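Number of protein chains: 4
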Amino acid sequence: MNPTACSLVDVTRLVRELDAFADARDWHRHHSPKNLAMALTGEVGELVELFQWQSEAESYDTARHPATARAVRDELADVLIYLVRLASVLEVDLDEAVRTKLVANARKYPAPQVPRP
Amino acid sequence: MNPTACSLVDVTRLVRELDAFADARDWHRHHSPKNLAMALTGEVGELVELFQWQSEAESYDTARHPATARAVRDELADVLIYLVRLASVLEVDLDEAVRTKLVANARKYPAPQVPRP
Amino acid sequence: MNPTACSLVDVTRLVRELDAFADARDWHRHHSPKNLAMALTGEVGELVELFQWQSEAESYDTARHPATARAVRDELADVLIYLVRLASVLEVDLDEAVRTKLVANARKYPAPQVPRP
Amino acid sequence: MNPTACSLVDVTRLVRELDAFADARDWHRHHSPKNLAMALTGEVGELVELFQWQSEAESYDTARHPATARAVRDELADVLIYLVRLASVLEVDLDEAVRTKLVANARKYPAPQVPRP
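Residue numbers (the working numbering), protein chains in the order written: chain A, 1 to 117; chain B, 1 to 117; chain C, 1 to 117; chain D, 1 to 117.
Chain A extracted, bound-state conformation (with noise of 0.2 Å):
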């Protein structure tokens, strides 16, 4: 793993389009951190509920069935949505965040050394 070259995530347009829909709504003064990180909240629990009841086989059929289809590509839009503002509310750099937090993740879990096949 080389996490160092290029960019791991670039959510840059993002940011500048979420920047313009709460300007346009005048949505500025509600976006607070600490708001932000409840609405994140929220969308993350109408994202579990839709695996709630279902067995882990049937988790991976998720995006696939109809009458989840759309709902579970809604709630992950919707907490990339809130996670990327909330990041950008707080002048926070998401790839350097990740970077940083692989590099801490691979040295927490050395992958074994045995020789693969």
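Keep in mind that the hints were calculated from the coordinates and are not lab data.
Treat the numbers as computed from the prediction; the structure is a model and nothing was measured.
A virtual CB, placed ideally from N, CA and C, is assigned to each residue, including glycine.
Fair warning: there could be bad hints in the mix.
Now the in silico label distances, taken between C-beta atoms and shown as ranges [to be verified]:
#1 C:Ala57 <-> A:Arg16: 31 to 41 Å
#2 A:Ala57 <-> D:Ala69: 38 to 48 Å
#3 C:Arg107 <-> D:Ala69: 12 to 22 Å
#4 A:Trp27 <-> D:Cys6: 43 to 53 Å
#5 B:Ala67 <-> A:Pro110: 26 to 36 Å
#6 C:Arg70 <-> D:Ala57: 33 to 43 Å
#7 C:Arg107 <-> B:Ala67: 21 to 31 Å
#8 B:Ala111 <-> C:Ala57: 48 to 58 Å
#9 C:Glu58 <-> B:Pro110: 46 to 56 Å
#10 B:Ala111 <-> C:Glu58: 22 to 32 Å
#11 D:Val103 <-> A:Pro110: 51 to 61 Å
#12 A:Glu58 <-> D:Thr100: 40 to 50 Å
#13 D:Thr100 <-> A:Tyr109: 41 to 51 Å
With chain A fixed as given, assemble chains B, C and D onto it according to the hints.
Structure of chains B, C and D alone, referenced to chain A:
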């Protein structure tokens, strides 16, 4: 707003890194969508904990304050990592999902038509 | 504080109602602790949504405001129902658990010894 | 089911303990409903983390397995503590709320009328 031109979100390289990371540790069988949705919940819980006793005004400084600057980046990264991993296992294109959702949001919350100075 | 005398929490009759309710609908196989923990998450998400755009000051009126009075009661009830059900399936005595936690909390956050007027 | 006779849930003494606890530490101003809803989220996140990599079958042993027996009790307690505290600050009667919700649930999910062996 014109969310139809080029990609709003590009997580292609992160998807690949996470897949290689899980592969090297034989984690695929743990990474069912159901389990990943739960892991996402746990990380959002840790993120929210950083904001819970703050006022809204204080929450804007979370990424600047030495006591929380690294923690908030780590938790934002963890949420993004599990979200991208979940979408990847479900074979959902996050860019398409976000685009579709933004169009729906624009219809649901029309911007006021008054001219802005 | 003397949390050792009689019960702080009595949910015996609710446990019994929920068990009969699940039994009559053949829900036991769906009610694994893992699934109930997810259902709990979903309900907490719905509860949090009621507060997310409120100021702290406004949040005190949530149970009085006609638009949210019933909703907040319903969501609090849903969270409690899934929590009690989860503890019941795990055979955890919530009264014992709360007592032990309060003793630990009192040690972790000692009350200031200054005399209060 | 007859959820109208005596109380299904009695948390009166816990409400009083929590109020005294907050009072002794001058925590009332931190305990707005908005903040308590966030704290509840954080605790649910910690609870869910205990189950996230388990199979459904394994999850039934969480309160018996030495590695998780205390942790799951502590997290269940934390969720209950913040839930009861939140209801208390909102002046919501949890017993009434649960009763009303159970009646609604019985209407929403009628039990099958087939005789059971």
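Violated hints, by number in ascending order, as checked against the structure: 2, 8, 9, 12
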